[in-house]
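Q: Since the structure of chain A is provided, determine the placement of chain B on it from the hints.
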Amino acid sequence: MKVDRRCFLGLGLGAVAGAVVSPPGMKLTDDLAIWTQNWPWTPVPKDGKVTYEQTTCSLCKGNCGLSVRKVGGRPVHISGQEGHPVNNGGACLHGISGLQYLYGLTRINAPLKKNGETFEEISWKEAVSHVADKLNAMRENGKAEKIACITGKERGSIPELFKRFMKAYGSPHYYSMPDMNTTWRTVAEKMHGENADIGFDLENATHILSFGSGLVEGWGSPVHNFRVNAQRKDKGVKLVQVEPRLSNTAASADRWIPAIAGSEADLALSMCSVIMKEKLYDSSYLVSYDTGFSAFSGLVTTGYAPEKMESKTGVAASEIKTLAREFAGAGRPLAIAGKGRGDTAGDLTEFAAVHALNCLVGNINAKGGVRLNASPDYLKFPEMKLDAVAEKGAEKAPEKSIDALMRKISGTGQSPVQALLMQDANIAYTMHDTDRVKQALKKVPFKISFSSFMDETAKLADIILPSPTFLERYEDLPSDASMSRQVVGLAVPVQKPVKNSMNPGDAVIRIAKAMKSGVSENFPWKKYEDCLESVTGKLWDPLSDKGYAVISEKKPRKTVSADLSFFSVNKGKRPEAAGDRTEYPMMLVPYDNMRITSSEVTVSPFAVKTVSDEEIKGKESFVQVNPETARKIGVSRGDKVKITTPAGSAAVRIDLFEGVMPGLIGMPKGLGHTTDNPYVAGKGVNTNQLISVSIDPNTGQDAAFGINAKISRV
Amino acid sequence: MSELDEKTENGSVESAGKGGTEEKKAKDNSGLGLGVIFFLVAFVVVFLSGWLLFPKLLYSEKEQPFNFNHDLHVYEMGSCEACHFLREDGSFSGIPDLYSCTQCHYEEPMGMTEDEKIFCEEYVAKGKEVPWLVYSKQPDNVFFSHAAHTEGAGMECKTCHGSIGQSKELPTYEENRLTGYSRDIWGDNIWGIDKNSRDSMKMDDCAECHEEETGSKGACFQCHK
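Protein sequences, first through last, are from chains A and B.
So in this note's numbering, spot 565 of the first sequence is number 565, and the numbers just go up one at a time.
Take the position in the second sequence, starting the count at 1, then add 1000; the result is the number in this note's numbering.
If you're looking for bench data, these hints aren't it; they were derived computationally from the structure.
None of these values were measured; they are calculated from a predicted model.
You may find that some hints are simply not true.
[What the hints assert, rightly or not] BS3-like, lysine-lysine: derived pairs with alpha carbons at most 30 Å apart:
1) LYS167/A x LYS438/A
2) LYS496/A x LYS1126/B
3) LYS70/A x LYS1168/B
[Stated by the list, open to error] Residues of chain B clear of chain A, computed beta-carbon distances all greater than 12 Å:
4) PHE1043
5) GLU1061
6) HIS1073
7) SER1091
8) THR1102
9) LYS1117
10) HIS1149
11) SER1163
12) ILE1164
13) ARG1177
14) GLY1180
15) GLY1215
16) PHE1221
All C-beta atoms in this analysis are idealised placements derived from N, C-alpha and C, irrespective of residue type, glycine included.
One chain only, chain B, in its complex shape:
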């Protein structure tokens, strides 16, 4: 008897007996139940990992060289523009450089904080620029004019930068391990769902606001020159 015949014969024997069929069904159902459990376990593990573990893995937390109290500086200087101003040619001064800071902070600290002591000893005394981690840093191929937004469209700083001006401590800088950009660009929400206009600053966010305000998403060359 060939192997094929044997299989056929066995098969016909199995299919001929009723008890054999019931036993098979029970076996099948138990397999399905276990399959569902496996499904649910895998689903829950992956789902929770995606939501809870993945962001921890994706972003590395970095500390600024020392803390900076915006609230105190705004109180002392009067406004955001005292340090972050538009130059005569319309370009934006950005984060003040060491020279600007030393217009007030000489080698001796003005106050009592540990942070100012670090600043004076490590940077002012050594003439070294502070390597701030910039939450709003955009890719190099993006041209952004602060003047067009604050002067032209009359927008307030906090529309995009939030209430950083009232903060006493700098938030932890979360750097995307893959892209190297700050988490603030994508947004706190891992899905990229924004509660406020300032939550994320990607191209779609620019286009969305432009469409709302001007009726058009704008042309490529407006930002990519």
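Only chain A is shown next, with the shape it has when bound in the complex:
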């Protein structure tokens, strides 16, 4: 027998047949598929014990309670904390993307010092002594008043430590970023003679009249107000939204009243005139407590009659009357102001006019009304010992606002500010007329940033002392003043710092301790945690046990006086939108969108993905114009155009939207970042660079809500 090719053929066929009826073929195919899913470089989160930790979010001023799920000690998921008095289990998309901030691409690894155009890493010891030496030298050379400090928040022990540092150092130039609560406090002072926060009992109101306040765009305490809006529908509470653009809040409201941008005060006063004329006000309240009532009555009934206000507000006289009658006739009416998210100061006259409606219906300190809350004073810092330099500084007054300070810096000659501390404040992005702010910053020779991220402002700094994110640090966080209940939350580190960062509280204590006598003795604490525990006093136990404490449970006073003479005194003093109407016939009004942050916190990559294609597509952002306006200026959907304002110009694309009043350009805020994070930067235009500062003569704060603009084809 000879072994020939048939034998080999038989051998092969036998092997194939054997393989077909035995398992390896099928099993290996399946296993190989699984094997390819388990490459060694495929990231697989480590497994471990699941635990939960409670903390407080500080991405915005809402300060929601958060629950962080951890696996093997590593935070993996963030959700709202059940039963928390601010958010009761709810959370917004920015809060739940907190981990993207923790591991963010632009996080600063270690203290940095500018060397020419680049930064070099230095040790904390070097960084602190470098700052302390510079500041010591300035103080010794009689330049104590030439340092300024800007913090993002106004309240809490960290801003207080910075404020204390400035006072001990001898400079009056401490500022915090203003928002609508700044203006509401001025309203409380001017109309009630009280140093108080104004809170709104939205949960118990039965008729909410909102003058552009974006209840679902992030106004006040965002998640708290989402719940208010959601429950409103079940309870049958009416929401009337006055706004020139159909925002999401306007769309969810019972009625949307499109009024000309900037005419809100006129509309509110016109409604007051109807209430006065038809005697719809709460006579028991007004007769007992109001001063300036008759003067106010005369002013509004003659000057703000609905017929006179028709053309100014764009709202029909009959509509104004109906609005006023419905408001005054409602069970528990409440009027609110603060446009969009309320993160700019706003126009005092507008706020006062809206508040006059509240005074007329007598809802001050009443259920479902406005609540005057004494400013929270839970922090008990030890008495300060001021030396001669500090005493001299304390006698001086700061500028009226950060904008006033920036104007002085950018004026001719040497900058009056030689050193600037910036904590939680990205002013080179968030302030109006951004290019001017950047120019001003360049004139300040020594800028210290405490940012966690290489944001627009940190890029311009001379030294960066990086902070941990809210997930890595202790901080007491009072809730937004617009809430009727005052709550203090505690942020605790749920994760060891992932970068070589230091709590800004610790950083300022260490800088103060490295300073010479006069400053250092006012900072007796070894570290910020000791300071926090000591200054929160009795509140520390509930804060550390529960993570929050309600500090305004007391029943509010029933008797509050109201003074309506404000309008007679301040008649005509209003901020004006910049730009000549003949050259700039349209009005650019930036709007807030809950999906994008526009504060010092840059939007996360996850949140950017949720923005609609009609607002941003690729790298280009869209502006909304009414189809009627588009026809007039000869543009159509998708056209690339140039928007020009007195502050600057930008290329955008046109989106047509019938929910924008004719003549208006709606533009989303929060875009156009210039950081090195490719997932969020370089997309769209920062509206702040197109808006000029418009100072309210009553407060000195920037009250710009928009600017006159023109559109041209490119």
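A: Coordinates of chain B only, in the frame set by chain A:
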């Protein structure tokens, strides 16, 4: 004469003779017979290797750090849930960690077994977690809620985990060399043919049971979130 002509000529000569043809056929038949033998040998070798040798090669046998007597613990503790419980939030505690074990086992052993001695000396005393090999470990992209199955659908632990609760010894852990998962996931039978619902725990097994119980295999995002 060209080579081609020669071949043609030889061919015609061969084909012309009858005896030559018969000889060729016999040769052919013997070749076929040998081919069949080769076929059968190859078939048997590959077939048997596939069934007997392949599983031995595919799975590596690993021993647990020490033996664990489930039967004894269930008797002492009263139920499976004493150690493997649902937390308040509905998540499953899984295999108890060292802290849970030390609620009963302090540094000194409670009994006389060698295994408990190892546990106390090597893990409790050193504060080290026991690196158990988990028979039921699923890939990371699978979300599985014990609560939905035991509380929601009222299933018993043994429906999926078998009678591990009555076992006195832990079975040998067989790890698939390619995938890294336990053999219990695919099933003891190398073809993947199951005798019991608990035999294998792959996606098709989930879908099969879901279809039987709920009328639908379920949506992707139910398990792959």
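Q: Now look at each hint and say whether the structure bears it out.
A: We went through each hint and held it up to the structure:
1. LYS167/A x LYS438/A: holds (26 Å)
2. LYS496/A x LYS1126/B: Holds, because 24 Å separates the two Cα atoms, which is no more than 30 Å.
3. LYS70/A x LYS1168/B: violated (34 Å)
4. PHE1043: violated (4 Å)
5. GLU1061: Non-interface label stands for GLU1061/B: nearest chain A Cβ at 17 Å, farther than 12 Å.
6. HIS1073: About 20 Å separates HIS1073/B from the closest Cβ of chain A, which puts it past 12 Å; holds.
7. SER1091: violated (6 Å)
8. THR1102: Holds: least Cβ distance 14 Å, greater than 12 Å.
9. LYS1117: Holds: least Cβ distance 26 Å, greater than 12 Å.
10. HIS1149: holds (18 Å)
11. SER1163: Answer for SER1163/B: holds, closest chain A Cβ roughly 26 Å.
12. ILE1164: Holds, because the least Cβ-Cβ distance between ILE1164/B and chain A comes to about 20 Å, which exceeds 12 Å.
13. ARG1177: ARG1177/B is in fact no farther than 12 Å from some Cβ atom of chain A, at 9 Å.
14. GLY1180: Its Cβ does come within 12 Å of chain A, the nearest being 6 Å, so this is violated.
15. GLY1215: Holds: least Cβ distance 27 Å, greater than 12 Å.
16. PHE1221: holds (16 Å)
Of the numbered hints stated above, those contradicted by the structure are hints 3, 4, 7, 13, 14, listed in ascending order.
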